[in-house]
Amino acid sequence: MSVTEVKVPAGYVPVYTKPKSLSEARFTYCPGCHHGIITRLVAEAIDELGIQERTVGIAPVGCAVFLSDFFRCDFVQAAHGRACAVATGIKRANPDLIVFSYQGDGDLAAIGTAETVHAANRGENITVIFVNNQIYGMTGGEMAPTTLPGMRTVTTPEGRDVRTTGYPLRMSEMLAQLDGPSYITRQAVFDVRHVQMAKKAIIKAFKNQIEGKGFSLVEIVAACPTNLRVSPVEGNKWVVEQALKYFPLGDLKVRD
Amino acid sequence: MPKGFVVIDKERCKGCGLCVAACPFGVLAITSELNPYGYAVAGVIAPEKCTGCAMCAQMCPDVAIEVYRAVKEGV
Numbered sequence: 000m001s002v003t004e005v006k007v008p009a010g011y012v013p014v015y016t017k018p019k020s021l022s023e024a025r026f027t028y029c030p031g032c033h034h035g036i037i038t039r040l041v042a043e044a045i046d047e048l049g050i051q052e053r054t055v056g057i058a059p060v061g062c063a064v065f066l067s068d069f070f071r072c073d074f075v076q077a078a079h080g081r082a083c084a085v086a087t088g089i090k091r092a093n094p095d096l097i098v099f100s101y102q103g104d105g106d107l108a109a110i111g112t113a114e115t116v117h118a119a120n121r122g123e124n125i126t127v128i129f130v131n132n133q134i135y136g137m138t139g140g141e142m143a144p145t146t147l148p149g150m151r152t153v154t155t156p157e158g159r160d161v162r163t164t165g166y167p168l169r170m171s172e173m174l175a176q177l178d179g180p181s182y183i184t185r186q187a188v189f190d191v192r193h194v195q196m197a198k199k200a201i202i203k204a205f206k207n208q209i210e211g212k213g214f215s216l217v218e219i220v221a222a223c224p225t226n227l228r229v230s231p232v233e234g235n236k237w238v239v240e241q242a243l244k245y246f247p248l249g250d251l252k253v254r255d
Numbered sequence: 000m001p002k003g004f005v006v007i008d009k010e011r012c013k014g015c016g017l018c019v020a021a022c023p024f025g026v027l028a029i030t031s032e033l034n035p036y037g038y039a040v041a042g043v044i045a046p047e048k049c050t051g052c053a054m055c056a057q058m059c060p061d062v063a064i065e066v067y068r069a070v071k072e073g074v
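Taken in sequence, the protein lines are chains A and B.
Going letter by letter, the first sequence gives residues 0 to 255 in numbering that gives the first Met the number 0.
Going letter by letter, the second sequence gives residues 0 to 74 in numbering that gives the first Met the number 0.
These are calculated hints, taken from the structure and not from any lab test.
Ideal placement from N, C-alpha and C gives every residue a C-beta, glycine not left out.
Some hints here could point you the wrong way.
The calculated SDA-like cross-link candidates involving lysine to any residue, where the alpha carbons are at most 25 Å apart (straight line), are [to be verified]:
1. 2/B - 244/A
2. 48/B - 88/A
3. 48/B - 191/A
4. 244/A - 140/A
5. 71/B - 9/A
6. 19/A - 30/B
7. 212/A - 46/B
8. 71/B - 30/B
9. 236/A - 20/B
10. 212/A - 88/A
11. 48/B - 13/A
12. 212/A - 16/B
13. 6/A - 19/A
14. 236/A - 42/B
15. 6/A - 39/B
16. 19/A - 25/B
17. 2/B - 7/A
18. 2/B - 74/A
19. 6/A - 24/B
20. 236/A - 30/B
21. 17/A - 10/B
22. 6/A - 46/B
23. 71/B - 203/A
24. 17/A - 48/B
25. 203/A - 50/A
26. 2/B - 33/B
Which bits of chain A does chain B cover? Going by a derived footprint, with three or more residues having C-beta under 8 Å, they are [claimed, not checked]:
27. 6-12
28. 15-29
29. 103-110
30. 169-182
31. 185-198
Just chain A, same shape as in the assembly (with noise of 0.2 Å):
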């Protein structure tokens, strides 16, 4: 544990201090990365349901590979784009399990797409957390199949070209014609009102879960500052003023 050199005057008492889901290892993502307050979230997610010791992770490959470093709880690494897949194997082997993937959208919907649509097809009770940040992070920065039309990525240094790349893929809309998924959310945390927002879907997530209800998924539109190539602030104004266009928020599909 990193000492802190400041002491806390008497009289004081905690408004907010780390969740204890997460370990004292440094996140490995970049500054001012999106990834980090969304893993932060999951763990007091975890903490204020109280499931820590019955919670098993997935990790993805992407930035969030080493996530089984940051959680105290167990964690599987999966095969890119395959964690809904392992995800579902853990759940039904041990149903009192809760079980959550964490994917980028390079993992859930380039490699890993039909893993994803097949498990949200057959309402696996599972709970997935999908970060779209548009982008191939880990990577260096490659397109996406969620990279906007004419963003400039390392692969489109002209902009997307949507004559030869295709458009934007909308996972959450077209996972929401599903049957089988009970929850599809998308939220955003580029400010204090939307992090609460997002916060309250991946409690809801994991509650739909605990109470067997079947498939839930939270994507979170985020941004990634050091590919886009601007500052962490900025990368917040790009995610409202950019991605928000083609990705608005809000719920898709509430089964009660």
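Starting from the known structure of chain A, arrange chain B on it as the hints suggest.
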């Protein structure tokens, strides 16, 4: 005594500045102090203005901020 008190874990902080943008009272700023990983970390520049609203901690992507609030007298 200010209403709030912020503790920044300088080893976790990566100096992204999201807390500085989130603080409604200008309590925080990115300082010239470097941590062992080479990041210029956030610091408290106006502790007397802090109300303990924890908006900085809500936005921190590195869980580097802890927030404390003064116990109200007579409660």
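Results for each hint:
Among the hinted pairs, residue 2/B with residue 244/A is inconsistent with the structure: their alpha-carbon atoms are about 39 Å apart, more than 25 Å. As the CA atoms of residue 48/B and residue 88/A are separated by approximately 52 Å, the hinted pair breaks the 25 Å bound. Restraint check: the Cα-Cα separation between residue 48/B and residue 191/A comes to about 19 Å, which is no more than 25 Å; the hinted pair holds. For a cut-off of 25 Å, the pair hint linking residue 244/A to residue 140/A stands: about 21 Å separates their Cα positions.
At roughly 12 Å between alpha-carbon atoms, residue 71/B and residue 9/A fall within 25 Å of each other, so this suggested pair holds. A distance of roughly 29 Å separates the Cα atoms of residue 19/A and residue 30/B; the hinted pair therefore is violated under the 25 Å criterion. Restraint check: the Cα-Cα separation between residue 212/A and residue 46/B comes to about 47 Å, which exceeds 25 Å; the hinted pair is violated. Restraint check for residue 71/B and residue 30/B: not satisfied, since their Cα atoms lie roughly 31 Å apart, outside the 25 Å limit.
Taking the CA atoms of residue 236/A and residue 20/B, the gap is about 12 Å. The hint holds against a cut of 25 Å. For a cut-off of 25 Å, the pair hint linking residue 212/A to residue 88/A stands: about 17 Å separates their Cα positions. The suggested pairing of residue 48/B with residue 13/A holds, with an alpha-carbon distance near 18 Å, which does not exceed 25 Å. Using a Cα cut-off of 25 Å, the hinted pair residue 212/A and residue 16/B is violated, with the two alpha carbons roughly 40 Å apart.
A hinted pair counts as satisfied when its Cα atoms are at most 25 Å apart, and residue 6/A with residue 19/A qualifies at roughly 21 Å. This hinted pair checks out: residue 236/A and residue 42/B have alpha carbons roughly 23 Å apart, not beyond 25 Å. In summary, the hint linking residue 6/A to residue 39/B is supported, as the alpha carbons are separated by about 21 Å, within the 25 Å threshold. Straight-line distance between C-alpha atoms of residue 19/A and residue 25/B comes to about 29 Å, which puts the hinted pair past the 25 Å bound.
Proposed proximity of residue 2/B and residue 7/A is supported: the alpha carbons are some 13 Å apart, at most 25 Å. Note on residue 2/B and residue 74/A: the hinted pairing is violated, with a Cα-Cα distance of about 40 Å set against a maximum of 25 Å. With a CA separation close to 22 Å, the supplied pair residue 6/A and residue 24/B stays within the 25 Å bound. With a C-alpha separation of about 23 Å, the suggested pair residue 236/A and residue 30/B falls inside the 25 Å cut-off, and the hint holds.
For the hint linking residue 17/A to residue 10/B, the alpha-carbon distance of about 14 Å falls within 25 Å, and the restraint holds. Annotation: proposed proximity of residue 6/A to residue 46/B holds, straight-line Cα distance about 14 Å (limit 25 Å). For the hint linking residue 71/B to residue 203/A, the alpha-carbon distance of about 33 Å lies beyond 25 Å, and the restraint is violated. At most 25 Å may separate the alpha-carbon atoms for a hinted pair to count; residue 17/A and residue 48/B meet this at roughly 23 Å.
Among the hinted pairs, residue 203/A with residue 50/A is consistent with the structure: their alpha-carbon atoms are about 14 Å apart, no more than 25 Å. Restraint check for residue 2/B and residue 33/B: not satisfied, since their Cα atoms lie roughly 28 Å apart, outside the 25 Å limit. Chain B is given as covering the region 6-12 of chain A, and this holds because 5 residues of the stretch bring a CB closer than 8 Å to a CB of that chain, at least three being needed. With a threshold of 8 Å between beta carbons, the proposed coverage of the region 15-29 of chain A by chain B holds, since 9 of its residues qualify and at least three are required.
Residues of the region 103-110 of chain A with a Cβ under 8 Å from some Cβ of chain B number 0, which does not satisfy the need for three, so the listed coverage is violated. Beta-carbon proximity to chain B at under 8 Å applies to 0 residues in the region 169-182 of chain A; the threshold of 3 is not reached and the given coverage is violated. For the region 185-198 of chain A, the stated coverage by chain B is satisfied: 4 residues place a CB nearer than 8 Å to a CB of that chain, which reaches the threshold of 3.
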